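Sequences listed follow chains C and F, in order.
In terms of my numbering, the first sequence opens at residue 1 and continues consecutively.
In terms of my numbering, the second sequence opens at residue 1 and continues consecutively.
In case anyone wonders, no lab produced these hints; they're calculated from the structure.
Each hint should be verified, as a subset may be incorrect.
Said to hold, decoys possible - A short list of chain F residues far from chain C (calculated; beta carbon distances all over 12 Å):
1) 111
2) 183
3) 293
4) 319
5) 376
Said to hold, decoys possible - Derived coverage of chain C by chain F (criterion: at least 3 residues anywhere in the stretch with Cβ under 8 Å from a Cβ of chain F; other residues may be distant):
6) 22 to 29
7) 81 to 91
8) 104 to 111
9) 201 to 207
Here the structure is a predicted model, which means the values were calculated and not measured.
Ideal Cβ positions, reconstructed from N, Cα and C, are used throughout, including at glycine.
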Amino acid sequence: MRSYAKIFFLIFVVLLIFTVAAFFIFQSITNFDRGFTMPELKEHTEKNYSDTVFIGVISRYTPEKIYQGYQPIMDFLSRRSKYLFELKLSSSYEQTISQLKKGEVTAAFLGTYLFVTNMDGNNLRAVLKPLNSNGKPYFRSALIVKRNSDIHTINDLKGKKLALPSTLAFSGNWLQKIEFKKAGFDIFQLKEIKHFHYHNSVAKQVLMGNFDAGVVKDRVANEYVGKGIKAILYSEPIPGSPIVISRKSDKEKVKILERALLSAKSDSSVKSWDTEFSNGFTKAENKDYLEIKKMILGEK
Amino acid sequence: MALFPKSHFTLRTRILLFTGSLITIIMLGASAIILFSWRTLMLDNAIQSAEDISKAFAIPVIKEFIRNETESFRIEEELGSLINQYKSEDSNIKFIKILNNKNKIIAHTDWRKVNGFEKDSLDLAIDKTDKLISAFITDKKYGKIIETVYPLRIAGKKWGVMKVGISAKRLEAKIKDLFYMLSLSTVLVILGALLVLFLISARLTKALNELIVILENLDLDIEQTENSAPKTNETQFLFSKFEEMRSRLQHSKEELINAQKQIYQAEKLASIGRLASGVAHEINNPLNGIRSCLYSIEKNPENIKQNKEYMELINEGITNIEFIVKKLLGFARQKGESIERIDVNENIEKVISLLDYKIVRKNVEIIKNYKSGKISVEADSQLFQEVLMNIIINALDAVGEEGRIEIVTGKESKNVVVEISDNGEGIEESEIEKIFDPFYTSKEPGQGTGLGLSVSLGIIANLGGTIEVESKKGKGSLFRIIIPE
Ligand SMILES: Nc1ncnc2c1ncn2[C@@H]1O[C@H](COP(=O)(O)OP(=O)(O)O)[C@@H](O)[C@H]1O
Ligand SMILES: [Mg+2]
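Work the whole structure out from these sequences, hints included.
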């Protein structure tokens, strides 16, 4: 009988220990406070910039896409100089021109069409143009259709719906001002013509079948080629979208900008830049754009 | 005698305690592991979903900032309405606050906090990362929350920081539920296991106990009856093996007893052989007397009176011979053991009378120093005489001229002691421990078998006594027989 008492005592002690243990486990599992765990810090040097240099960008893409593609360029420039380079977005193409003229921005990324149509009246000067993947400072516009489309030539566009980028972009004007004239195609034979704000929107519209054909930059066309789009016509090589300055631009800041971007190709950060600029830049002059200007404006 | 040592706990209790605690410990360990790994999983999950919520919400906020870049409007108001709308859609969101690059709160779901400043060591680190970070925090106002901190930036462009507090109440409740569920199931499983163990151990120990009972009652000499065999399978096999072993043991025990009997007999016959020559002489004396009486009767048959005297002498001689033969036969005869109370002095006298002739011929002086009165032991008189015979013959063998043998009897506490000492050749010190070994002898072949002392010690040990020796080479020996009264 004494051994039974012993066993009961033992069981009692064990239960007591378990209860206490369970209590502490309960305390510890319900207290899950945990401070912030810092992610690895990026190399970050606090720099005292002597001034801020604003760079304008025409709104050829959504603002988010512009920040993603252009902000790394600003970071690169800030790293390479004593200035802090900042983007100045605009809500319209014209706004960027006016920013340039007023000196609110030291330089601006303009489209080729916008530059050639505004260069004279505003005393604008191209300083840099981007290189394409072949190392040439050109781009082409491309007429794109769906891969299984029965449109093969300009004339097949009869009765079709055409999507174009902004009227202020070269691609938005190429067909009407150059190719239709060559082919003797009357614009009113189209069923519909619509301008979209961004190149990507045009490609998407064609891909979705909302429009039968569209025009985009070759670079954008290439992005969609694997996804059910084909290009049936390319333009002549057009000098790429220039970085433009005005009379008001600070010469020293422009020099720094030029020097940095001309050597940009070797920088590791170019991979994160907008693909239009990831092959680097070359020097540009206004006369590079005279020929295309004549073609567009119909000058002799 | 019990096979198992007595302990405070029965075998069954010990099995229960040991296995029971083992099961309990394993179950508790397993539950603890499950508990903590599930908890980690839940926490990770909660963090993940909190971070997803924050990331998703950061997109429209960044959009607002970008829109503000081109359109310049009162972003504080826009953000304020945006975050309040978002908070109202998800009751788990406790607060959302947006800080600009100067750590000024430009939007907060608690409008009173707007325009305040917030700066701690965390914000400095936030400046340098573009990743979302999060923590579990117990807040005074919001209770347990997951706070996420998200730098609002694209590449190097940073507008500020968004901090979101998401309630961890549901998470806490889930973890508590998990704890309760696991505790309950652990207790149930342990109780179940213990119950099964309890029943199994009952069966097992029942069989074992049966076996123990049988083993305890086991007698080598008695064959087990069928119905005493255990009923359970586990022990039946063991039991049959045991039976086999028992009969083998019994067999070898019988063989041993037989061998021992033969040794006894051999030694006895050897002693008789050595007695025989003396006996012949003893018989010769009366025979010579009888012969000369017969001779005288034959010479003078008419002298009746004289012849009658001779006849009486002849009768006396025959009685003498009869007595001697009886003594010898009495010693040689193999009788069944019969233990009775026997007189020690009387038995010594009988042995000495058997050895008379040897004693006289060797001219040995026998000194008797018996304790007065009767001293007795419980023994078989035949075997006891054999022991005395052995030791006295050894002494007679050992003594030379002017030999002296002293026999002392007495009592020491509860023991009867018989000391037989001689002034013979003695024993080498290194040999003393060997003299009780069977077949150890220093004598010529035919003179000694080397069995005498070994057999004697066996007989005395059987009575619960012992034989001690003291000896010095050249001086003599003393043999002390000690038997419990
Ligand atoms: N009283 C004694 N004195 C000297 N030696 C003895 C005496 N008793 C025994 N021994 C020694 O012990 C040996 C063993 O004795 P025992 O076992 O009787 O065999 P055995 O007499 O046949 O030799 C003897 O051979 C002898 O050497
Ligand atoms: Mg002997």
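Structure-based check of each hint:
1. No beta-carbon of chain C comes within 12 Å of the beta-carbon of residue 111 of chain F; the shortest separation is about 26 Å.
2. At roughly 6 Å, the least C-beta separation between residue 183 of chain F and chain C is not larger than 12 Å, which violates its mark as non-interface.
3. Annotated as non-interface, residue 293 of chain F keeps its C-beta farther than 12 Å from every C-beta of chain C; the closest such distance is 90 Å.
4. Here residue 319 of chain F stays apart from chain C, with its beta-carbon at least about 77 Å from theirs, past the 12 Å limit.
5. Distance to chain C confirms residue 376 of chain F as a non-interface residue, since its nearest Cβ pair spans about 50 Å, more than 12 Å.
6. A stretch counts as covered by a chain when three or more of its residues have a beta carbon under 8 Å from one of that chain; for the region 22 to 29 of chain C and chain F the count is 4, and the coverage holds.
7. Remark: the region 81 to 91 of chain C is confirmed as covered by chain F, as 6 of its residues place a Cβ nearer than 8 Å to a Cβ of that chain, reaching the required three.
8. Restraint check on the region 104 to 111 of chain C versus chain F: 0 residues with Cβ-Cβ distances below 8 Å, three needed, restraint violated.
9. For the region 201 to 207 of chain C, the proposed coverage by chain F is not satisfied: 0 residues have a C-beta within less than 8 Å of a C-beta in that chain, short of the threshold of three.
When each numbered hint is compared with the structure, violations occur for hints 2, 8, 9.
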